[in-house]
Amino acid sequence: MAQAIFDEMGAPGGEIRQAYKTLQAWLGETPPEILTLRREEAETFFRRIGITFAVYGEGGDPERIIPFDIIPRILEAAEWRQISDGLIQRVRALNAFIADVYGAQEILKAGIVPRDQVILNDTYRYQMQGVSVPHNVFTHIAGIDMVRVGPEEFYVLEDNCRTPSGVSYMLENREITMRLFPDLFSRYNVAPVDHYCDELMRTLTSVAPRNCPGEPTVVVLTPGIYNSAYYEHSFLADQMGVELVEGPDLYVMDDIVYMRTTQGPKRVDVIYRRVDDEFLDPLSFRPDSALGVAGLMSAYRAGNVNLTNAVGAGIADDKAIYTYVPDMVKFYLGETPILKNVPTWRCSEKADAQYVLERLPELVVKEVHGSGGYGMLVGPMATKEEIEAFGARVKAAPEKYIAQPTLALSTCPTFVNEGVAPRHVDLRPFILSGKDIKVVPGGLTRVAMREGSLVVNSSQGGGTKDTWVLKD
Amino acid sequence: MMLARTADSLYWIARYMERAENLARTLRVTDRLSLMPSIADADGSEWHSTVVVSGSESGFYEKHEEATPENVISYLAFDPENPSSIRSCIETARRNARAVRTALTTEQWECLNSAWLELPGWNEARVRGSGLHRFLDWVKDCSLLFTGGTVATMLRRDSYYFTRLGTFIERNDNTARILDVKYHVLLPEHAEVGGGIDYYQWASILRAVSGYRSYNAVYREGLKPWLIAEFLIMREEMPRSLISCSAEIKECLDKLGEEYGQRHECHRIAGQLYSRLRFGKVEDVFRQGLHEFLCDHIEQNDRLGMEISRSYLLG
Chain A
1 MAQAIFDEMG
11 APGGEIRQAY
21 KTLQAWLGET
31 PPEILTLRRE
41 EAETFFRRIG
51 ITFAVYGEGG
61 DPERIIPFDI
71 IPRILEAAEW
81 RQISDGLIQR
91 VRALNAFIAD
101 VYGAQEILKA
111 GIVPRDQVIL
121 NDTYRYQMQG
131 VSVPHNVFTH
141 IAGIDMVRVG
151 PEEFYVLEDN
161 CRTPSGVSYM
171 LENREITMRL
181 FPDLFSRYNV
191 APVDHYCDEL
201 MRTLTSVAPR
211 NCPGEPTVVV
221 LTPGIYNSAY
231 YEHSFLADQM
241 GVELVEGPDL
251 YVMDDIVYMR
261 TTQGPKRVDV
271 IYRRVDDEFL
281 DPLSFRPDSA
291 LGVAGLMSAY
301 RAGNVNLTNA
311 VGAGIADDKA
321 IYTYVPDMVK
331 FYLGETPILK
341 NVPTWRCSEK
351 ADAQYVLERL
361 PELVVKEVHG
371 SGGYGMLVGP
381 MATKEEIEAF
391 GARVKAAPEK
401 YIAQPTLALS
411 TCPTFVNEGV
421 APRHVDLRPF
431 ILSGKDIKVV
441 PGGLTRVAMR
451 EGSLVVNSSQ
461 GGGTKDTWVL
471 KD
Chain B
1 MMLARTADSL
11 YWIARYMERA
21 ENLARTLRVT
31 DRLSLMPSIA
41 DADGSEWHST
51 VVVSGSESGF
61 YEKHEEATPE
71 NVISYLAFDP
81 ENPSSIRSCI
91 ETARRNARAV
101 RTALTTEQWE
111 CLNSAWLELP
121 GWNEARVRGS
131 GLHRFLDWVK
141 DCSLLFTGGT
151 VATMLRRDSY
161 YFTRLGTFIE
171 RNDNTARILD
181 VKYHVLLPEH
191 AEVGGGIDYY
201 QWASILRAVS
211 GYRSYNAVYR
221 EGLKPWLIAE
231 FLIMREEMPR
241 SLISCSAEIK
251 ECLDKLGEEY
261 GQRHECHRIA
271 GQLYSRLRFG
281 KVEDVFRQGL
291 HEFLCDHIEQ
301 NDRLGMEISR
311 SYLLG
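Protein chains in written order, with our numbering: chain A, 1 to 472; chain B, 1 to 315.
Hints listed in this document are in silico derivations from the structure and should not be mistaken for laboratory results.
Heads up, some of the hints might be wrong.
When the alpha-carbon atoms are kept at most 20 Å apart in a straight line, the in silico SDA-like pairs for lysine to any residue are as follows [unchecked claim]:
hint : chain 1 : residue 1 : chain 2 : residue 2
1    : A       : K266      : B       : S311
2    : A       : K266      : B       : E259
3    : A       : K266      : B       : L277
4    : A       : K438      : A       : G103
5    : A       : K266      : B       : Q262
6    : B       : K255      : A       : Q82
With the C-beta cut set under 8 Å, the calculated list includes, among others, these residues of chain B facing chain A [unchecked claim]:
hint : residue
7    : M2
8    : R5
9    : A7
10   : R98
11   : R101
12   : T102
13   : N113
14   : S114
15   : L155
16   : Y199
17   : Y312
These numbers come from a predicted model, not from an experiment.
We put the beta carbon where it would ideally sit given N, CA and C, even for glycine.
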C-alpha cells in the first residue's frame with residue numbers, strides 16, 4: 001500500500017493533475033477574502049434552510065451545521081466509471097448475499113462465510129428467514145464508503161446497507177456550490193446529481209409489494225425531529241412529493257398498513273424507513289419502541305407492504321462480514337471484484353488477534369458493530385494510554401474487533417483557517433437497487449478539517465465537500 | 001388528503017404565530033394606555049387587564065404578586081413556563097414547522113426559522129424603555145411575514161386551508177379579547193364617559209388592530225364607542241373584525257368540504273357564527289352587553305376550533 005500521501009490536486013510544488021488545473025487557476029485569481037465571504041454565505045444558507053444535524057450527548061448547540069468546505073472535489077469521467085462499475089457489482093453481490101442468508105443459505109453451506117458469523121450476528125434477523133421480497137432486493141439504498149490512496153487505487157472501507165444517510169448533503173452541497181461559484185462551475189462540465197430523488201422514487205415504486213392494489217403509495221418513515229438525520233428525511237420526502245410519517249401516523253389492521261389522514265385511513269404500500277430494525281415493530285422487536293408500528297412485520301411478511309431497506313439488511317454491512325464481500329462477488333456473480341477491500345484482520349481468529357495486539361500503534365481497530373467513528377482506535381494518532389485501554393478491550397472480547405492498516409487517505413485542497421491546505425477525504429456514493437440498479441455520478445465527500453486527522457465522521461468534527469464527476 | 005398530524009401542525013403553527021402577533025399588539029396598547037398619567041395613577045389597572053384578556057390570569061398570579069409592567073412583560077413576552085408567551089409561541093410554531101417542513105413552502109419555513117434564530121437576541125433587559133416597541137414591532141413583522149408568505153406562496157389546497165383556519169380561529173378570539181380590554185380598563189372615578197381618557201382608550205384599541213386610520217376612512221365622524229364596536233365586530237371590510245374572521249373560517253371550511261366531498265359539525269357551527277354577525281345589529285350587541293357578547297363569541301369560536309380538530313386533525 002502506498003505510504004506517501006496522494007493529493008488529488010497534485011503534490012504542492014509538483015504537477016497539477018488535469019482535472020484540477022482550472023480550479024487551481026481559479027484559486028490563484030480569487031482573493032482569500034472572497035473565499036471567506038463565500039464560506040460565511042454558505043453557512044448562512046445552511047442555517048436558514050435548517051440543514052442541521054444533532055450530535056448526541058455533548059451539550060451545546062443541539063442543531064449543528066456540518067462544516068461545508070467550499071472547494072469542490074473533482075473526479076475524472078474515467079475514474080468515476082471504474083468506481084461506478086465496481087459499486088454496481090458490489091451491491092449486486094451484497095443483495096444476493098442477504099437474499100441467500102434469509103433463503104437457501106448456499107454460501108454458508110459452501111463454507112465460504114462461517115455460519116456462526118451470520119446466525120449469531122446481532123444484525124441477523126431470524127424474523128426474516130424465508131421472507132420473500134420484491135425483486136429479491138434487500139438493500140435498496142446502499143452507501144459504500146470508499147477511500148483513495150493513489151491515482152488508481154480505491155478501497156472500500158465500509159458498506160452501509162441499512163439506512164445510510166448523507167445524500168441530502170450531496171444534493172445541497174451541489175446547490176450551494178452552483179449558487180456561490182457559478183463562474184467556476186461553468187468552466188467545468190459537471191455531471192448533474194439533481195435527478196437523484198426521481199431515481200429514488202422510481203426505485204421505491206418499482207419494489208411495490210406483491211399485493212399492492214394499484215399505483216403504490218410511498219411514504220418516508222422518520223423517528224422524528226430529534227433524530228440526527230431528520231433534515232434529510234424531510235428533504236427526501238419533500239423532493240419525492242410523498243408524506244413524511246412518524247410511527248404514530250401509521251397503524252395496521254388485518255395486515256394492511258394505513259396512515260391517518262384528514263380524510264380518514266389511507267393504505268400505504270412502500271415505506272422508506274429511516275427507523276432501525278429494532279424499533280420498527282414493538283410486537284416483533286423492542287416492545288418499548290414508540291417509533292414503530294405494531295403489526296408492521298406481520299403486514300410485511302404477508303406481502304401487503306414493502307420496507308426499504310429490508311429488515312435484516314444489516315447482516316451485509318457488519319464489519320466482520322465485510323471481509324467476505326470479495327468472496328461474495330465471486331460466489332454469486334462469478335466475477336472478479338472491481339473494487340478492493342482494505343486488508344482486514346479479524347480478531348475473532350486467534351492468529352489475527354495476536355498480530356493486531358502486537359501492532360496496535362500502527363493499526364486502525366474498529367468495533368465490529370460500531371458506527372459513526374465511535375468505538376474505534378486510530379493507532380498512529382492515539383496516546384499510549386488510549387492504546388493500552390483499547391488493547392485491554394480487544395483482549396477481553398476479540399470477536400468484537402477487526403483491524404486494518406492505517407491507510408494514507410488521499411487529500412484534497414480545503415479552505416481552512418490557514419488558507420487552502422490539503423485535508424484527508426473519503427467518499428460515500430449512493431447506489432439505488434430496485435427493478436434496476438443505478439448510481440448517480442457523485443456522492444458525499446467527507447473531509448477531516450483538522451490537519452493530519454483521518455477521522456472524517458461528522459460526529460467527530462468532519463466536514464463535507466461538493467463532489468464533481470466530470471463528463472467526457 | 002394529508003396526514004392528520006401535518007394538518008394539525010399547520011393549523012397550530014398559524015395559531016401560535018397569530019397569537020404572538022396579537023399579544024404584541026395588546027402589550028402595545030397597554031403600554032400606550034399606561035403613558036396617560038391620569039390612568040397610570042389609577043394603580044396600573046391596564047397591566048392587570050392585559051393579563052386578564054390574554055387569558056393567563058391564574059398562571060400569572062401563581063408566579064407574580066403584582067401586575068407591574070416588568071412582571072407582565074416578562075410573563076407575557078418571555079416566560080418559557082407560560083405556554084402562550086410570545087417566546088413560547090414562536091418556539092412552538094417553529095418546532096411544529098420542523099416536524100412538517102415538507103408541507104411548508106420555503107418562504108414560510110425560512111420566516112419561522114429566522115424568527116426562532118433571532119429570538120434569543122431579545123430579553124427583558126433589551127426591551128426596557130424604547131426597546132419594548134422595537135421588540136413588539138419585530139414580533140408583528142415575523143407574524144405578518146408568515147401570513148403574507150402563506151398567502152403568497154402556498155398551493156391552494158387542504159394544507160393551505162388548514163393553515164388559514166389556524167390564523168382566523170386565533171384572530172377571531174384575539175380581536176374579541178382586544179376589544180374586551182376596554183371593558184376591563186376602568187375609567188378613573190371622575191373621568192367622564194366620552195371624555196378625553198375614554199377617547200384615548202378607544203383610539204388605542206383601534207391602533208392595536210391597525211384600525212385607527214381605517215376607522216376614520218370608513219366613518220369620518222370621530223371616534224364613537226358604538227361605531228368602533230360595530231367596526232371591529234360587524235364590518236367585513238375591516239380584515240381583523242370578528243365578521244371577517246368568521247367569514248374566512250367559513251370559506252376555508254367550505255373549500256375543505258368541497259375538496260373532500262364531506263361536511264361536518266364544524267361547518268354548521270361556522271355558518272351559524274357567521275350568520276349571527278352578518279344579520280345581527282350592533283344595537284343588539286349593546287343591549288346584550290358588549291362584554292357578554294364578546295365572551296359568548298369567544299366561547300363559540302372555541303367550540304368551533306374543537307370541532308375542526310375532531311373532524312380533521314388529531315381530535
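We went through each hint and held it up to the structure:
no.	hint	result
1	A:K266 - B:S311	holds, 16 Å
2	A:K266 - B:E259	holds, 16 Å
3	A:K266 - B:L277	violated, 38 Å
4	A:K438 - A:G103	violated, 25 Å
5	A:K266 - B:Q262	holds, 16 Å
6	B:K255 - A:Q82	violated, 55 Å
7	M2	holds, 5 Å
8	R5	holds, 5 Å
9	A7	holds, 5 Å
10	R98	holds, 5 Å
11	R101	holds, 4 Å
12	T102	holds, 4 Å
13	N113	holds, 5 Å
14	S114	holds, 7 Å
15	L155	violated, 12 Å
16	Y199	violated, 46 Å
17	Y312	holds, 5 Å
The structure does not agree with the numbered hints 3, 4, 6, 15 and 16 stated previously, though it agrees with the rest.
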